[in-house]
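Protein chains in written order, with the UniProt record's numbering: chain A, 1 to 224; chain B, 1 to 224; chain C, 1 to 224; chain D, 1 to 224; chain E, 1 to 224; chain F, 1 to 224; chain G, 1 to 224; chain H, 1 to 224.
Calculated from the structure, these hints are not laboratory results. Heads up, a few of these hints could be off.
In silico negatives: residues of chain E with every beta carbon more than 12 Å from chain H [stated by the list, open to error]: (1) 16; (2) 50; (3) 59; (4) 67; (5) 74; (6) 86; (7) 93; (8) 100; (9) 104; (10) 124; (11) 224.
Under 7 Å between C-beta atoms, here's a sample of chain D residues computed to sit facing chain C [unchecked claim]: (12) 23; (13) 159; (14) 162; (15) 163; (16) 183; (17) 186; (18) 198.
All residues carry an ideal CB built from backbone N, CA and C; glycine is no exception.
So you can see what is in the structure, the chains are spelled out below.
There are 8 protein chains.
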Amino acid sequence: MDTNKSVQLDGAIIDLDRNERQGFPEVVYCEGKTDQQCVDIFMTLQEHYDTFMGTRARISIYEALKPHIPDVQYDEMSRILYVNRNPINRNGERTIAVVTAGTSDMPVAEEAALTAELMGNKVLRVYDVGVAGIHRLMERLDSIQEANVVIAVAGMEGALASVLGGLVNKPLIAVPTSVGYGANFEGLAALLAMLNSCAAGVGVVNIDNGFGAGRLAHMINSQR
Amino acid sequence: MDTNKSVQLDGAIIDLDRNERQGFPEVVYCEGKTDQQCVDIFMTLQEHYDTFMGTRARISIYEALKPHIPDVQYDEMSRILYVNRNPINRNGERTIAVVTAGTSDMPVAEEAALTAELMGNKVLRVYDVGVAGIHRLMERLDSIQEANVVIAVAGMEGALASVLGGLVNKPLIAVPTSVGYGANFEGLAALLAMLNSCAAGVGVVNIDNGFGAGRLAHMINSQR
Amino acid sequence: MDTNKSVQLDGAIIDLDRNERQGFPEVVYCEGKTDQQCVDIFMTLQEHYDTFMGTRARISIYEALKPHIPDVQYDEMSRILYVNRNPINRNGERTIAVVTAGTSDMPVAEEAALTAELMGNKVLRVYDVGVAGIHRLMERLDSIQEANVVIAVAGMEGALASVLGGLVNKPLIAVPTSVGYGANFEGLAALLAMLNSCAAGVGVVNIDNGFGAGRLAHMINSQR
Amino acid sequence: MDTNKSVQLDGAIIDLDRNERQGFPEVVYCEGKTDQQCVDIFMTLQEHYDTFMGTRARISIYEALKPHIPDVQYDEMSRILYVNRNPINRNGERTIAVVTAGTSDMPVAEEAALTAELMGNKVLRVYDVGVAGIHRLMERLDSIQEANVVIAVAGMEGALASVLGGLVNKPLIAVPTSVGYGANFEGLAALLAMLNSCAAGVGVVNIDNGFGAGRLAHMINSQR
Amino acid sequence: MDTNKSVQLDGAIIDLDRNERQGFPEVVYCEGKTDQQCVDIFMTLQEHYDTFMGTRARISIYEALKPHIPDVQYDEMSRILYVNRNPINRNGERTIAVVTAGTSDMPVAEEAALTAELMGNKVLRVYDVGVAGIHRLMERLDSIQEANVVIAVAGMEGALASVLGGLVNKPLIAVPTSVGYGANFEGLAALLAMLNSCAAGVGVVNIDNGFGAGRLAHMINSQR
Amino acid sequence: MDTNKSVQLDGAIIDLDRNERQGFPEVVYCEGKTDQQCVDIFMTLQEHYDTFMGTRARISIYEALKPHIPDVQYDEMSRILYVNRNPINRNGERTIAVVTAGTSDMPVAEEAALTAELMGNKVLRVYDVGVAGIHRLMERLDSIQEANVVIAVAGMEGALASVLGGLVNKPLIAVPTSVGYGANFEGLAALLAMLNSCAAGVGVVNIDNGFGAGRLAHMINSQR
Amino acid sequence: MDTNKSVQLDGAIIDLDRNERQGFPEVVYCEGKTDQQCVDIFMTLQEHYDTFMGTRARISIYEALKPHIPDVQYDEMSRILYVNRNPINRNGERTIAVVTAGTSDMPVAEEAALTAELMGNKVLRVYDVGVAGIHRLMERLDSIQEANVVIAVAGMEGALASVLGGLVNKPLIAVPTSVGYGANFEGLAALLAMLNSCAAGVGVVNIDNGFGAGRLAHMINSQR
Amino acid sequence: MDTNKSVQLDGAIIDLDRNERQGFPEVVYCEGKTDQQCVDIFMTLQEHYDTFMGTRARISIYEALKPHIPDVQYDEMSRILYVNRNPINRNGERTIAVVTAGTSDMPVAEEAALTAELMGNKVLRVYDVGVAGIHRLMERLDSIQEANVVIAVAGMEGALASVLGGLVNKPLIAVPTSVGYGANFEGLAALLAMLNSCAAGVGVVNIDNGFGAGRLAHMINSQR
């Protein structure tokens, strides 16, 4: 515990050994940080890494960072800010499938997918196959079943996770989204549904937490 | 409004015109009433009707009533107490399908089914076809689709309602049950899921309210 | 299940057989979709159908769509975007009554009413007859009782559903609205009240879900 | 504030000036107190008062107290333990009406009614007139309207309070009860409904708090 | 019930006999109504009454109404819009005390106070005497005790209601406000505290419902 | 989907192809089923499998089953009922670590551990190493880090999951337990904590759902 | 961190250096542990300490332990099991005041008081001085103000904490209790009230957590 | 109680003896007060004190006050408005440590830190040492342990409080923050976690209540 390396900024400490401990540099959660704090943190990260990322980034952070790090990229849908100078495929053909119930779940799904890709995984996107029209899911089932890990992204009643859980014999990560209204209570309905899935063996992450799902999928996919 | 008939008991008033207004005598909700109160109410009902029922009845009510009304019946699973002296089929072959996700949902399903039968409907029971093994549902789908009204009974995450809603082009009544544990919060998870069903057009009743589902199904089934 | 027809867009799949399966083309839930995604979906729908609709539509979607589909219409109160080239009356004089407790419940009521009308039903609107002045309801009761299906729309404490449920011997669909404040918790009070209605046999839909109520009423009204 | 009289027992202090300050001796909330603590408190009260009471009393407290205070009475339905040696009518013909939605609400209603009676009020009981059969309420409306204060006791969706509030031009106290199940959440549904009543000017007390309603009604009824 | 008078507007019905039934013309809840709807309603009311009011009014409603009803008034703090052409004192020296815990509770308190005044009551305002500095309350206690009805307005933990309830032998109406943050949950903390007040006999209204408190106080104050 | 094999019992359907689809026979959730229903289901399972199990089993089910299946076993702590005639190790030295915060979490932990063992995994138990004495965890960290998958079982505030998540570079499954009291709300506190873990990439299962965690861990551990 | 001493039992680890680190041996939380587990733990503790304790102990644990540790004591009201062979007063005349709103709060208060005493503090008990009769509190205020730390124990609406917080210029620890019913939600009302206390600077512990309050008071009292 | 000094403003009363009773002038909670109300209050305070402060202040209040009190200061991060003409150190080297889990917790932490400083304490800031990288905390542990009182500020799952509670033998105040999203429910997750901390003896304040933590820490630190 005495050999950890970290950099002390004003109000933030950047871990520099997390890459070794956890296979990827520390990921910056941008919400609640000022633009300047984010810029400082990314500037530090870029001194040590080729690939790194921040989540829930406002566009203004990207604009503030661009002059300093010209190859920084910003994905508007997922709100991920990242640098990826040396893309590598760590897990070969072992694919992570990201499946959504609806079109409105795409921002969360893309956060999961892009996270998994930046960490070196091949990703299969299967979007808008919610259970209200279950044949749409059935038509894509073969390709989903070939994946190594499956991420189910759904708002409203979140039934997609249970249906997938019964159909796919692979580790399944469920991501409830805040898509919906009224008694959805900003994702609570889907969250509870996924936690109570009759398809045992589903791991659930926080509402709208695409990043967490992507990271867990990467960790599972890295096993052998 | 001036021609209503009712009987005043100690602490209870029995409507005697509800049969005309609503197609069935007043149904007694036994919970929270003493055995004696229930006996008094049923004794009054039997003076005016051939068929009547009470829900959530303790066995002790049945035992107290049996000496007075020898043909009273008690269904242990649904906890319905009833007299049915002159069974009639009001709605012919127009069937109500009662579908459950699991075996543990049976008490609620039977409350719905028996209610619908006492009110004069043919009932099709399809039990234990939850979405964790969706092929079980698919195998029974043809017969469900032939029904006129469908009641989906499910606890845990309640996904059955959404899946059925996408597959069946008939009025669908969803009954969340308190089957489950933990973040199920005694049926809340299934209730929220059903209210947020992505399959639009699902009518939801209270948690464990098999009676309400049976009655609504009967009213829908009586339409022509 | 192998003969389903659908169109694959970027992030969305449009069912083209739902008309046959469910009696109306897929309805677009516009919230959470970009204007462009909505335009793409509606453009696809109009190639196959004369009548179709989207709910919770922003005016900007309408404006983006208008140049492409000149006869698209937008109802500001209900926020429904629709094309209705060949209006038909499917259910004759069988009327759906939409009843509200207050004037503020009108946007939700109109979503229900317009949905039912687009699907081919005659609709009777009875607005602002909440139980605080119960004589207003009583004065309109005769016409409500002539309807085939009744939709009760109410916020605050949602008592309208229970009172109507006791007075009308027809299938009753209750729509809680988010009208109110404080311990209303954005519709939760009305939702719980409707689920616990002492008038058994009420089917409840999600808070502010006028569309779901309209669709369910249509399905019930189509029975014979 | 320096002239207060009180008696110090082991773990309890008995106010002896509350009769003057608040018109009735301190009322003992028996739940959570041991039988012995209750006996000690009642023994102290009887040294100073002719009329006093305790709420939520177990029968074992009554049995422990009976040998010491032979004229102590116990009302099983309301669970009130009381001595009433010198019954007086303080408020003449000014009546408090206690109205319930159902028979199962009687224990709470009786707690309110008996409290009001012990404090010297005339009480009119109107039970089982819930809104599912609104004519039952209408038939009793005239006598309710003659009362000076009205207490509405209801579980389930608690709609009785709103309907009464619109019909009666007198102060109305609403008591939600825990009668019901499922999404009633042990009285929460009725509580929220009553707090959100569209009939403005309803004062709500805690779930099952018949005592509080009776006491507030007494205070209102004592005004002139 | 056949003699009720009302005016039917587009989406709204105005009761014209409520003045007789309830002692004051129907009060307009402006939230959720369009400016035009409000103008129509107020125009109808002014044809029949000298004094009438609306709550939760936006300033734009006032501005739209002013050209039509030049003597309409708008109280910015309470957001009450009103006409009061013929102020009368109905209840003489019988005073209603409105007491607040903090300065931030003033908008709700003023809604209560102005409502009571418009209905013809004398009001005593005692503001910013919360229990954190209980001597401030004690210093004003004498004048509060002289009032006939007391309204306690408090956010945060709402302890003012309990303390006042123990000190004042008059009907007490408690109004929780949404003043506070965090675990206050927009007034829930104060609401629950007031419902559970150890000072029995407190009537609680909805969070921020100054109007309801003022109206109930008026009804109590009108008793004799 | 047409080749599924299943057995239809009274109220239950037993899948017989789940072993192939999901690597283990259908697991029976015993809660809510009668003893007789459970016996019927297990008798059917034993005709087809050497290893199978039920969770949340009452001892009475075991006693009813014992005469029919003499080698059935019952683990009192985890409440698992199982037959394991032909134990196999499917995943070699690839170990699943089950870590608990406290001794009281053992029943849930044992449900996870025994499930994983019955499915063919080697399990390392590390109990009572909660973060209040973090050195206890640090002392066992080396062996935990050697595991392939880690299950963190904790009640109260559930901080163990976050701390482990930062220390271990392996897929982590978090199981909140209902151990605790008061504002723990029967496991809700731990559940929310785990869902919000600052250590990204934790998959959470339902409160007290040791079985789900064991099954998911097995699926992850089976990957290569 | 490498010099920690602990004893490994079956499913439990006993810290033996916590006395040094935290000033008192590890306290055993008995709920959820079997009698045998508790006996094993206490047997280990007694080998190393003269004073130690367990909370939430069933009487059966005491009875199982008594033959092994004859001088073990059990306090029925607080449910504390303890050995105190060498009572010491660590903090001299620096007193901790434990104040309750009602008699029913005594079990929690005694848990706090006995904990503080076992840890070596002088305790002043002031019980049943809730705010409904605020003069009772005022009469005892002088002695409370002389204490060094104050613990306020209250259920229902928990107003005692706010009132004390405004009157006493000492660190104040608030303990909500589950005393109450209905909208008390088993202590939630008091908990929220205490967290939102307008008297800034109150530290709150879990519902019914007398032990935590006693321990924190001891730590504060030990400062100098 | 008769010698209290206070100033009556319009809608606000300023205590002028709180400095003596509580060691610091009344602190102004600016939220919900108009700019003018705040200016009036601060003008009154400055007539009597050299040091005083307001929390949750908008910048517009500062700007309105600046012309009147030129030496008023505004700290943008903590939103504290203050005058500190005569800074004093009341508690010498006795330090209060303010520790945060993340950078986003800084506004709340600074509210605590600045409050403690204005009241005369030395503050040690240790930021961004959350448990996801526990070595960061360990590296700073020595300096934290030297403090006299510790304030743990954390959002998300709030595990920092439990970990610190086990490591530091000093009074610990936990401040949950609203940092996070989804099932964080605006700080509820961290709040519940801290209330249920397995590290006994943690005093919790309201979500985001840095001021309350700072004040309580000051009171504890002032003890000797």
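Structure-based check of all given hints:
The Cβ of residue 16 (chain E) sits about 38 Å from the closest Cβ of chain H, beyond the 12 Å cut-off, so the non-interface label holds. Against the 12 Å criterion, residue 50 (chain E) stays outside the reach of chain H, whose nearest CB is about 30 Å from its own CB. Every C-beta of chain H lies more than 12 Å from that of residue 59 (chain E), the closest at about 16 Å, which supports listing it as non-interface. Distance check on residue 67 (chain E): its Cβ is at least 29 Å (rounded) from any Cβ of chain H, clearing the 12 Å threshold; non-interface status holds.
Chain H leaves residue 74 (chain E) outside its interface by the beta-carbon criterion, the shortest separation being 17 Å against a cut-off of 12 Å. Distance check on residue 86 (chain E): its Cβ is at least 29 Å (rounded) from any Cβ of chain H, clearing the 12 Å threshold; non-interface status holds. Distance to chain H confirms residue 93 (chain E) as a non-interface residue, since its nearest Cβ pair spans about 24 Å, more than 12 Å. Distance to chain H contradicts residue 100 (chain E) as a non-interface residue, since its nearest Cβ pair spans about 8 Å, not more than 12 Å.
Interface exclusion of residue 104 (chain E) from chain H breaks down, the closest Cβ pair being 3 Å apart, not more than 12 Å. Here residue 124 (chain E) stays apart from chain H, with its beta-carbon at least about 14 Å from theirs, past the 12 Å limit. The claim that residue 224 (chain E) is not at the interface with chain H holds, since no C-beta of that chain comes within 12 Å of its own (minimum 32 Å). Restraint check, residue 23 (chain D) versus chain C: the minimum CB separation of about 30 Å is more than 7 Å; hint violated.
A least Cβ separation of about 4 Å between residue 159 (chain D) and chain C falls short of the 7 Å threshold, and the interface hint therefore holds. About 4 Å separates the beta-carbon of residue 162 (chain D) from the nearest beta-carbon of chain C, less than 7 Å, and the hint is met. With its C-beta approaching chain C no nearer than about 5 Å, residue 163 (chain D) sits inside the 7 Å limit, and its interface hint holds. For the restraint placing residue 183 (chain D) at the interface with chain C, the shortest Cβ-Cβ distance is roughly 4 Å, inside the 7 Å limit, so the hint holds.
Taken as an interface hint, residue 186 (chain D) does not check out: its beta carbon lies about 11 Å from the nearest beta carbon of chain C, beyond 7 Å. A cut of 7 Å between beta carbons decides the hint on residue 198 (chain D): the least distance to chain C is about 4 Å, and the hint holds.
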